[in-house]
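Chemist: For the record, the sequence lines run as chains X and R.
Going by the UniProt record's numbering, 592 is the number at position 592 of the first sequence; the sequence numbering is gapless.
Going by the UniProt record's numbering, 491 is the number at position 491 of the second sequence; the sequence numbering is gapless.
Hints listed in this document are in silico derivations from the structure and should not be mistaken for laboratory results.
Be a bit skeptical, because a hint or two may be false.
[What the hints assert, rightly or not] Here are the simulated lysine to aspartate or glutamate pairs, EDC-like style, with alpha carbons at most 20 angstroms apart:
hint, chain 1, residue 1, chain 2, residue 2
1, X, Lys638, R, Glu323
2, X, Lys501, R, Glu411
3, X, Lys119, X, Glu139
4, X, Lys181, X, Glu116
5, X, Lys321, X, Glu407
6, X, Lys119, X, Glu97
7, X, Lys108, X, Glu90
8, X, Lys638, R, Asp524
9, X, Lys392, X, Asp376
10, X, Lys456, R, Glu516
11, X, Lys109, X, Asp176
12, X, Lys501, R, Glu516
13, X, Lys396, X, Asp376
14, X, Lys21, X, Asp145
15, X, Lys93, X, Asp104
16, X, Lys638, R, Glu516
17, X, Lys172, X, Asp240
18, X, Lys382, X, Asp323
19, R, Lys162, R, Asp30
20, X, Lys632, X, Asp376
21, X, Lys284, R, Asp524
22, X, Lys495, R, Glu516
23, R, Lys511, X, Glu499
24, R, Lys162, R, Glu516
25, X, Lys284, X, Glu534
26, R, Lys512, R, Glu411
27, X, Lys172, X, Glu129
28, X, Lys93, X, Glu129
29, X, Lys172, X, Asp121
30, X, Lys284, X, Glu312
31, R, Lys163, X, Glu499
32, R, Lys162, X, Glu116
33, X, Lys440, X, Asp542
34, X, Lys181, X, Asp104
35, R, Lys511, R, Glu32
36, X, Lys205, R, Glu411
37, R, Lys512, X, Glu499
38, X, Lys92, X, Asp145
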Amino acid sequence: MNRSMMKKSLVVPAIKDSFLKLNPLKMVKNPIMFVVETGFIITLFYTFFSPDPSLRPFHLAVAVILLVTILFANFAESIAEGRGKAQADELKKTKKEVKATRLDSAGKKTVVYSHELRKGDVVFVEQGELIPGDGEVIEGIASVDESAITGESAPVLKESGGDFGSVTGGTKVISDHLIIKITNNPGESFLDHMISMVEGAKRQKTPNEIALNTVLISLTLIFLLVVVTMPFITGYVGVDISVPVLIALLVCLIPTTIGGLLSAIGIAGMDRVTQFNVIAMSGKAVEAAGDINTMVLDKTGTITFGNRMASELIPLSNRKKADIYYWSKVASKDDDTPEGRSIITLIDNEEALEQQLYENGEFIAFKAETRMSGVDLADGRKVRKGAVDAVKDFAKQHGGTIPDELEQIAVGIAEQGGTPLAVAVDQNIIGVIHLKDTVKPGMKEKFAELRRMGIKTIMCTGDNPVTARTIAGEAGVDEFVAECKPEDKIKLIQKEQSEGKLVAMTGDGTNDAPALAQADVGLVMNSGTSAAKEAGNMVDLDSDPSKIIQVVTIGKQLLMTRGALTTFSIANDIAKYFAIIPAIFMLAVPQLDVLNIMKLGTPDSAILSALIFNAIIIPLLIPLAMKGVAYKALSSSKLLRRNLLIYGAGGVITPFIGIKLIDMLLQFIS
Amino acid sequence: MVTFLSLAVPVILLLLIAKPFGHYLANIFDYESGKRSIGDKWLLPFEKLVINISGLHTKTQNWKQYLFALMATNTLMIAIVYLIFRLQGVLPLNPEGVASMEASLAFNTAISFMTNTNLQHYSGESGLSYLSQMIGILFMMFAAPATALAVCMAFIRGITGKKLGNFFVDFIRSITRVLLPISIVFGLAFVALGMPQTLGGPVTVETLEGDVQEIAVGPVGSFLAIKQLGNNGGGYFGVNSSHPFENPDGISNMLQIILMFLITASLPLAYGKMSGNVKQGWILCAAMWLMFASFSAVAVSGEYSGNPAMEQLGIGAGQASMEGKEARFTPAESAFYAVTTTATETGAVNNMHDTLTPLSGLVTLANMMLNTVFGGVGAGFMNVIMYAMIAVFLTGLMIGRTPEFLGKKLESSEMKIISVTLLLHPLLILGFSALALATDMGNASITNEGFHGISQVIYEYSSAAANNGSGFEGLDDDTPFWNVTTGIVMYIGRFLPLAAMLAVAHSLLRKKRIPESSGTMRTDEPIFGGLFIMCTLIVGALTFLPALVIGPVAEWVTLYL
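One chain only, chain X, in its complex shape:
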């Protein structure tokens, strides 16, 4: 999906949209900007009907700047929406009307259009056809190209039953055929949902956004009160302040910066999630991700690769190290299983074998009955590797004796959570290969990062406690649950929630669905079943469960951006006061020039400079609102200190410089 921010194709419609949004009926939804618009209309009135014609140019200037301020705010929102719309348009192309072959209960085929399909209908999809709607495979095995939705070009295998049975409308069957039971009515499909999410059509204000908006409106009302009462108070000492000047003061004081960018921040936050190939079902879910206290993670697939890899080759005491390396390689040379390949990789990485391998031999593949694989060499020797018991039997059959130490080594490996594979050549046991489940690289660092963010990680695994402890220790998770059943996960989540914590989890299977529904943030793999997808509130199109960690970061970034720009906006007021207040009172009380610490040229230029700064800061901050404030995994205290320095102190200082520069420019022009 597209990542560029300011493409021409986005900017032009956004500009057009900015004007359309001037409609007061739309504007009233953003009370802060509505106040600015009202101010604009009043000032415009004064421009034409001012009792003192000499003031008209000044009033006109104020009116124009106010209009520009509103347009900038509208533009911020439009550009954010535009990016979503562009993505939605791409998705809509996928949602073409297709013909489908419907099967009735008697097995009779009828050709219908996809929009005629209802929940419960059964369709037949041939190789090369598009799947007409979301559904479950009830018969057949086929590979499906899901690139239209996930962007991933490698086809995925779909079959009935199990966790690979769900298909998405708009994806293409590229081999064989499938019989699918449709699970959604038209307009309710995953694709429909995805389109409306990225388009922002269903965008509702999130809880935090509502709370922040309340406070911002309160601040706006306070400043409205300040400005409305001001002429009555100053009138007592004979200081008259013109209405446009009061409006200028009002607009400078109310939090227009955050008011103008607030919805853009929300839309852009959702958009960042989408660009990350995760579809969030609501903005609330993204916000909740930022608040997560506990993360429940499956071991297999999320923390570890899930397949067992060789980590150590242990010779028996009467054998040399080179022997076990040599014979392990011989036994695994033609072994294509992940375990086999991992053995070769380990040997090649650690030791260069001097001895030439026997080239002639017949590979014996792994079978469930034998639980061994190996090579029958041309000279008659048989090399085997496999389950310790199986290899023991094999050696005994060849007249060998089993040394006691074999059992000890095997038990030792099992206790560490690994799987022992014995290696034998005829009656002689050579040694043991230690296979273990490997933690994905970088996980330890990620968990350390989460800990710094104050998030607890809990690993769930079906393994025995010994294995679980080993992996948990290696990955650096905070807690683990061994021999975990799906219902244990729900209990775990409920327990955490009862302590007031917000819990995130990932899942894909149907048996994960209740836990996903219970969790505050449930990230479901796109490869998962439709029951799971319905239960969760985010879908990862790449089906990478470890993405949940980045989703949390995006959620935090969203909240941080909102906070940073709010702080910045409010901190700006100090400088604006110092520009406008002396300007208003200077004529009546010349000594008040001491408050004009920026030494601005004239009262008019001071007011206009503050107003211009107030307007142009909005577009200047659009990139930040869209990209989000950079997140660093620091402790809250450090993070607060850092952001306060940048956005708090920066918010106090920047306008002093900005207003002064604009004033100098205005002086220069006139």
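Keeping the supplied structure of chain X fixed, place chain R upon it in accordance with the hints.
Modeler: Same frame as chain X, now just chain R:
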């Protein structure tokens, strides 16, 4: 040096007392946790008796029941006292034949004392009968701070995750275990320092010129203790603590300052104790002392910079401004007292604030406009917590989480209540000031033209809204307009925030407490103290800046520059 000590000693003593006294407050009001409190052995039977006689109960109340109990008792008291004022001319205990009070003045005075404001629009010691003094004034001087302390403790219990408690229990404990015992001790101390304590009539003396003069006396010592301790501030004598019988010397002055701070400066520590993390209280305490110290420095230096207008007349050249001050107090002591009485919303005065130099006047105004430099008993601390919540809400997002206060999320429902409350203070002060300044009814009472007139008006409404009660005293304020408007301002300024904060406590109480982690925004670190100050200044003070600029600041620049 002596001057410096007279300012530093009370502050040091208060810093030493704050923790034990704060913990004592926490102990006696933490009854919902089932713990026994200090004093239960002797006082509990008596307190139970009072409750039983009154037909009340001690069951835990929800916020609406709590609010109803407090509103019902307070409104009833206002009604009774109003009737007494109106009928004092015909009621007993009126040996001097004081006439009944005019309706708007009675309305104002009844509200004034019930709201802990003690704005006195009536004329000094001669406007009230003994009955009015005893029931109307003295009784309310206990009832008003007891009400606020009760609500504040319920609020603290609520935000620290305990039950709200019972209003009657809180109210009675506030009196029996806090206000009454301390008032007795300090009352005796004041008497020992030479204040009169008598129920006898005025003393008749022969002056040096041979004239006969009546000197008013009365139970001043006992009256004074609760006046200061309860942040009431209504003077026994018209001129309040500048009267030699109400504040004889430096020592009594220092004791009065300590009393004004005693409860309100210990409450943060009580809060810290009840929240289970004493540092929470210390940070707020430190932030407030810092603001207080800066304000005091401005006021003291303002008074020492003298008055150029006087110097032009050739009097007092190069001297501190002594206009409106008592010669037995240094200008520093006077300015410090002025900052203290406005910071703690007491309203007692030992000098006339109308004659403070403009910058000191500005500081006293700022104290009342912010109402977050300690503030009055209970009510002030709730306002402080409200600002702390706003600080957390506005900046807490910057750590990437929904803002939390003491482990509870601050969400829309709380922020709505807080937003309305935040709007209230500027609405009352600026709205009514504009009304008064723009209408003849209001501005006819102004005695100084120009910028100072604006200060007079804004001061009056700030004092009423913050339930302070001190006056700029230049204002001729016993008119129906001023009586009614300030009466309304005092009433709303008092009860609406109390109700709002109870609602916030209730709303937070329903939420689950989120355990602390390294991702939690900390409110017990110095940086939060700084944030609290910045938030107070930016959100609270910027609102009033235009009014302050055209009032005291304009006066200052025209006088000095």
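Chemist: Please work out if X:Lys382 and X:Asp323 have their alpha carbons no farther apart than 20 angstroms.
Modeler: holds (15 angstroms)
Chemist: Assess, step by step, whether the Cα of X:Lys501 is no farther than 20 angstroms from the Cα of R:Glu516, and give holds or violated.
Modeler: Within the cut-off at roughly 10 angstroms; holds.
Chemist: Does the alpha-carbon distance linking X:Lys172 and X:Glu129 stay inside the 20 angstroms limit?
Modeler: Roughly 6 angstroms between the alpha carbons, so the hint for X:Lys172 and X:Glu129 holds.
Chemist: Just to be careful, I want the Cα atoms of X:Lys108 and X:Glu90 compared with a cutoff of 20 angstroms; is the pair within it?
Modeler: Distance of about 35 angstroms is beyond 20 angstroms: violated.
Chemist: Does R:Lys512 pair with X:Glu499 here, judged by a C-alpha cut-off of 20 angstroms?
Modeler: holds (7 angstroms)
Chemist: Regarding the pair X:Lys392 and X:Asp376, is the alpha-carbon distance no greater than 20 angstroms?
Modeler: Measuring from Cα to Cα gives roughly 17 angstroms; hence the hint holds.
Chemist: Just to be careful, I want the Cα atoms of X:Lys21 and X:Asp145 compared with a cutoff of 20 angstroms; is the pair within it?
Modeler: Roughly 41 angstroms separates the two Cα atoms, so the pair is violated.
Chemist: For the pair supplied as a hint, R:Lys162 and X:Glu116, is the alpha-carbon distance within the 20 angstroms limit?
Modeler: The given pair, whose Cα atoms are some 59 angstroms apart, is violated under the 20 angstroms limit.
Chemist: With a cut-off of 20 angstroms on the C-alpha distance, tell me whether X:Lys396 and X:Asp376 pass.
Modeler: holds (17 angstroms)
Chemist: Given the hint that X:Lys119 pairs with X:Glu139, does the C-alpha gap stay at or below 20 angstroms?
Modeler: The given pair, whose Cα atoms are some 17 angstroms apart, holds under the 20 angstroms limit.
Chemist: Take the C-alpha atoms of R:Lys162 and R:Glu516, compute the straight-line distance between them, and say whether it is at most 20 angstroms.
Modeler: holds (18 angstroms)
Chemist: Would you check the hint for X:Lys638 and R:Asp524, treating anything up to 20 angstroms between C-alpha atoms as holding?
Modeler: holds (14 angstroms)
In summary, the numbered hints that this structure violates are 1, 7, 14, 15, 17, 20, 21, 30 and 32.
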